[in-house]
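**Student:** Protein chains in written order, with this note's numbering: chain A, 800 to 1119; chain B, 7 to 104.
Treat the hints loosely; a few may be bogus.
To be verified - Computed from the model, here is a short list of chain B residues facing chain A with C-beta under 7 Å:
no.	residue
1	Ala61
2	Arg64
3	Leu68
4	Arg97
5	Arg98
6	Ala99
Derived by calculation from the structure, the hints in this document are not laboratory data. Note that this is a predicted model, so its numbers are computed, not measured. Where is the CB? At the ideal position from N, CA and C, for every residue including glycine.
Below are the chains, spelled out letter by letter.
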Amino acid sequence: MATERDFYEILGVPRTASQDEIQRAYRKLARAHHPDINADPGAEERFKEVSEAYDVLSDPQTRRRYDAFGRDFRQVPEGTDPDAWTRQRTRAGAGARGTAGRGGAGGGGPAGGFGYTAGGEVDLDDLLGSLFGGRGRGVGPIPGADQEAELQLTMEEAFRGGRRPVTIAGPGGQRTLDVTIPAGVTNGQRIRLAGQGGSGSGGARAGDLYLIVSVAPHPRYRLDGRDLHVELRVAPWEAVLGASAAVTTPGGDSTVKVPPGSSSGRKLRLRGRGLPNPKGTPGDLYAEVRIMVPAHPSRTERKLFEELAAESDFDPRSPQ
Amino acid sequence: MSFALVRPARLDLEDFARATGTHPDLVRRLVTLGILDARRGPGGELWFAPGQAAAMARIQRLRAGLALNYAALGLVTDLLERIAVLESALRRARRPGG
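Chain A with its partners taken away, still in its complex shape (with noise of 0.2 Å):
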């Protein structure tokens, strides 16, 4: 584990608190980070961390060690005067052999005395081995949970695919992974990293990462299912007598027919030009017409306006 958190720190609690406050906190943080009711990938390594600091601080004894000694409380052999051992440590740096502590006499203590090495060998594994299996012994290999983690993906990737790196928080820090995105993936979709999941315990097979794709929102395509939707802008002649418009979409340019007496809202429905599918048909595309006016017209455009004014007895707000 890379942290070094302080264990109080860990479970939020002062280091004065009973160990009611310690349990209390416990089981809190306990229900919260449990690999099968967080699902995020960051929850298991918080999980064992709190489960780590819960070990040590609900036995009133390893706690008063931890304590004195800290998180290296396990090299330091059974009774030794905290003072003492505080001395020798400054002291160990320098390579200075130890004088031994009141209880270390003799240095028959299994950590073997004070020739400890920084960073010392706290079986980490038979530590955490305890959390999933260990507590009932006897309980045999458990396989790792399942994650969820979103991906955050820009219209472009979801339409185009490929490869892509995602970090993800996990056991020992963060990890990145190479993810292949199948073109054409829609929001809510998951993808599923086999074994990428929560670490299983004595040898089993870890769970699996489910990736939710989230597609962020584009300033020009708006995206229902595997349907794109986009504006498509045309003049007011162009909505009246029809035109060829250029349409941008995420596969390439495409040109719409935009058929004569188009009034804005019209759809027009590019077959297949949507998100591709991978498992069968692409989604459309559709264009929404909408109906631009010069906001500053030239003499002439005003004249031919008033003119298109006086003449037309077309009234948009009649009840048809």
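With the hints as your guide, set chain B onto chain A.
**Tutor:** Quick look at chain B alone, frame taken from chain A:
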């Protein structure tokens, strides 16, 4: 260790216990408590769908990690399943906002 998550589409009690690294008595008990789903064969023997191996793993993790008893485990697994259904419905509902 490998898990028989492939066809055959069902496992008998012994195979299921072996695949999940558990004792058949525990598996039988979880079935009685309605925590694991199993079907009865013609001779009254238990058959398990391969997906139940993942359910078993979850039960073991919850029990080991949160010290839940078997009655609570049934409740928690039911609630987790309901939450999963609700979350996916929520994701579907949010979908049009692309």
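**Student:** Hints first: check each against the structure and report whether it holds.
**Tutor:** The hints, checked one at a time:
Annotation: interface hint on Ala61/B violated; nearest CB of chain A at approximately 11 Å, more than 7 Å. For the restraint placing Arg64/B at the interface with chain A, the shortest Cβ-Cβ distance is roughly 5 Å, inside the 7 Å limit, so the hint holds. Because the smallest distance between the Cβ of Leu68/B and any Cβ of chain A comes to about 6 Å, under 7 Å, the interface hint for this residue holds. Interface restraint check for Arg97/B: the shortest CB-CB distance to chain A comes to about 4 Å, inside 7 Å, so the restraint holds.
Satisfaction of the interface hint for Arg98/B is found here, the shortest Cβ-Cβ separation to chain A being roughly 6 Å, below the 7 Å cut-off. At a threshold of 7 Å, the smallest CB-CB gap from Ala99/B to chain A is about 9 Å, leaving the interface hint violated.
In terms of the numbered hints stated before, the structure departs from hints 1 and 6, listed from lowest to highest.
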